[in-house]
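S.K.: Quick note, the sequences are listed as chains A and B, same order. When we follow my numbering, the leftmost residue of the first sequence carries the number 1, and every step to the right adds one. When we follow my numbering, the leftmost residue of the second sequence carries the number 1, and every step to the right adds one.
Just so you know, the hints here were simulated from the structure itself, not pulled from any lab data. A hint or two may mislead.
[Unchecked claim] Covered stretches of chain A, as calculated for chain B (at least 3 residues, CB under 8 Å):
# : segment
1 : 141-147
2 : 152-160
3 : 168-177
[Said to hold, decoys possible] As a list, the in silico BS3-like pairs of lysine-lysine whose alpha-carbon atoms are at most 25 Å apart:
#  : chain 1 : residue 1 : chain 2 : residue 2
4  : A       : Lys242    : B       : Lys114
5  : A       : Lys49     : B       : Lys252
6  : A       : Lys114    : B       : Lys242
7  : A       : Lys252    : B       : Lys15
8  : B       : Lys242    : A       : Lys116
9  : B       : Lys15     : B       : Lys130
10 : B       : Lys252    : A       : Lys114
11 : B       : Lys116    : B       : Lys85
12 : A       : Lys15     : A       : Lys224
13 : B       : Lys252    : A       : Lys242
14 : A       : Lys252    : B       : Lys49
15 : B       : Lys242    : A       : Lys252
[Stated by the list, open to error] Quick look at which bits of chain B chain A covers, simulated, 3 or more residues with Cβ under 8 Å:
#  : segment
16 : 90-101
17 : 151-163
Note that this is a predicted model, so its numbers are computed, not measured. Virtual Cβ for every residue (Gly too), placed ideally from N, Cα, C.
Protein chains: 2
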Amino acid sequence: MKIGYIQFNPVFGEKETNFHTVEKITKGVKADLLVLPELFATGYTFNSKIEAEQMSEKQGEETTNFLQDLSSSTRAILVGGFIEKINNKIFNAALVVNEKQVIGIYEKVHLFYKEKLWFEPGNRGFQVWKFQNWNLGVMICFDWIFPESCRSLSLQGADIIAHPANLVLPYCQRSMITRSLENRVFTITANRFGKEHRGQDNFSFSGGSQITDPSGNVLISAEKNETKVDIVDIDPSVAHNKQMNEYNNLFKDRRNQYYFL
Amino acid sequence: MKIGYIQFNPVFGEKETNFHTVEKITKGVKADLLVLPELFATGYTFNSKIEAEQMSEKQGEETTNFLQDLSSSTRAILVGGFIEKINNKIFNAALVVNEKQVIGIYEKVHLFYKEKLWFEPGNRGFQVWKFQNWNLGVMICFDWIFPESCRSLSLQGADIIAHPANLVLPYCQRSMITRSLENRVFTITANRFGKEHRGQDNFSFSGGSQITDPSGNVLISAEKNETKVDIVDIDPSVAHNKQMNEYNNLFKDRRNQYYFL
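Here chain A stands alone, though its shape is the one from the complex (with noise of 0.2 Å):
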């Protein structure tokens, strides 16, 4: 199957500028998983929690409507961030979507730094969605620190971890490779770029997106100020295999007795 992401730097607060920009760079590609970065319509960097809530959207809005287009000329099942509204609370979270349906949402579980002035931590949990011969899970940047993030979808039997991020901190694409390694499973961090200066904020967004498979190989990146979209061809049945050699299977081996939660 054919897996991807899409990198670019959206420009804050202009939803309909960023659809265009996608729509634009995707033009002609056909994939069967497609990953945004988080909060890829709005951009990131609020000032406010009303300001957040200005841009927020109930599922089966704009950003979902957008994403069922893009599933529909790309044939791709998309992940991508967006501002979700419920009653009044808002969430960083991230929209599954193929061209008929929104196939579920993710709500970010470990927010980064004024986040928690805006949003409300996710309280959807780590869900695994399944499909004909892989199954998808998703977290949403700074998840990655947490080894219990990526531990959690894998031990439900995620092949391929969508990761759509803002990241800023520069240790995360390193670390991506540690988490495929140690759960065995294909990652795709769709991260953004460029510069948001706003308020007392000025955040610098790593480009760098990448895609690594459950050996640690990294099959594909970005540069760091690209605007990109890349495809690997991969096999989704080697993430459902965690036989490391002959006598070592990486989550049988497990011992939680002997864990600390």
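Take the given structure of chain A and dock chain B to it, following the hints.
M.R.: Just chain B now, with coordinates in the frame of chain A:
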């Protein structure tokens, strides 16, 4: 405090030779904590359980005595691997000693490859030993690939994780950066180098011992094939603080109601 590793190429089955090598390369060395490789006195590549049993020891025998002497001459707490014998069972274990006593023993929780044919899986779990202003955790070699090993030690308060190793796979050194980062702890991987070709097994050990700080910086590392004692000066209290920024504390931000064990 001064912490370090001792990297060398043990001779299979020659305890006295290996003790002598370590004695020679640590001449004049003073430190607070020194870590030796996994099974540093015996070598690694056994052909049978009987062979491993013949090199096994109870606590308080020759490897304990050697480490206590080394503690006396270096003034350091010593961590080093040995084959522990308890009744008719043998374990791939590590001793923690000072010049006066055995402080503790760790038995490898996750056995690698044919180790499963001779050793019992450790049943002491992940333990932390408390000293005046720092806490020590120990894991052995392959334990690294299970994020739960470092996590379980760190959640119990380990500031420094001693990691005696006989690494044959190429991924560990890079992944120890992730282990330090995700737990905000110091890690000391003391790896052996050299080759052992015995029976059907032909192992090449990767050296590259390494000390990493809680921010993921490699403070010092050895080459692939060098006999080396490296010491760095650290402040262990840096690892007490799990705060990453004004809003994020790596341990308080854990949401274990969503974690799968």
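S.K.: Now tell me if each hint is right for this structure.
M.R.: Now the hints, each set against the structure:
1. Taking a C-beta to C-beta cut-off of 8 Å, the segment 141-147 of chain A contributes 4 residues in contact with chain B, enough for the three needed, and the coverage statement holds.
2. Here's how the segment 152-160 of chain A fares: 3 of its residues keep a CB closer than 8 Å to some CB of chain B, so the rule of at least three is met and the hint holds.
3. With 4 residues having a beta carbon nearer than 8 Å to a beta carbon of chain B, the segment 168-177 of chain A meets the requirement of three or more and the stated coverage holds.
4. For the hint pairing Lys242(A) with Lys114(B), the CA-to-CA distance comes to about 18 Å; that is within 25 Å, so the pair holds.
5. At most 25 Å may separate the alpha-carbon atoms for a hinted pair to count; Lys49(A) and Lys252(B) meet this at roughly 23 Å.
6. A C-alpha spacing of about 18 Å is found between Lys114(A) and Lys242(B), which places the hinted pair at or below 25 Å, so the restraint holds.
7. Straight-line distance between C-alpha atoms of Lys252(A) and Lys15(B) comes to about 34 Å, which puts the hinted pair past the 25 Å bound.
8. With a C-alpha separation of about 17 Å, the suggested pairing of Lys242(B) with Lys116(A) holds against the 25 Å cut-off.
9. A hinted pair counts as satisfied when its Cα atoms are at most 25 Å apart, and Lys15(B) with Lys130(B) does not qualify at roughly 30 Å.
10. Taken as a hint, the Lys252(B) and Lys114(A) pair is honoured in the structure, with Cα atoms around 16 Å apart against an allowance of 25 Å.
11. Between Lys116(B) and Lys85(B) the alpha-carbon distance is near 15 Å, which keeps this suggested pair within the 25 Å criterion.
12. Taken as a hint, the Lys15(A) and Lys224(A) pair is honoured in the structure, with Cα atoms around 23 Å apart against an allowance of 25 Å.
13. Of the supplied pair hints, the one linking Lys252(B) and Lys242(A) is violated, its CA atoms being roughly 31 Å apart against a limit of 25 Å.
14. A C-alpha spacing of about 23 Å is found between Lys252(A) and Lys49(B), which places the hinted pair at or below 25 Å, so the restraint holds.
15. This hinted pair does not check out: Lys242(B) and Lys252(A) have alpha carbons roughly 31 Å apart, beyond 25 Å.
16. With a threshold of 8 Å between beta carbons, the proposed coverage of the segment 90-101 of chain B by chain A is violated, since 0 of its residues qualify and at least three are required.
17. Counting residues of the segment 151-163 of chain B whose beta carbon lies closer than 8 Å to any beta carbon of chain A gives 4, which meets the minimum of three for the stated coverage.
Taken one by one, the earlier hints fail for this structure at numbers 7, 9, 13, 15, 16, listed in ascending order.
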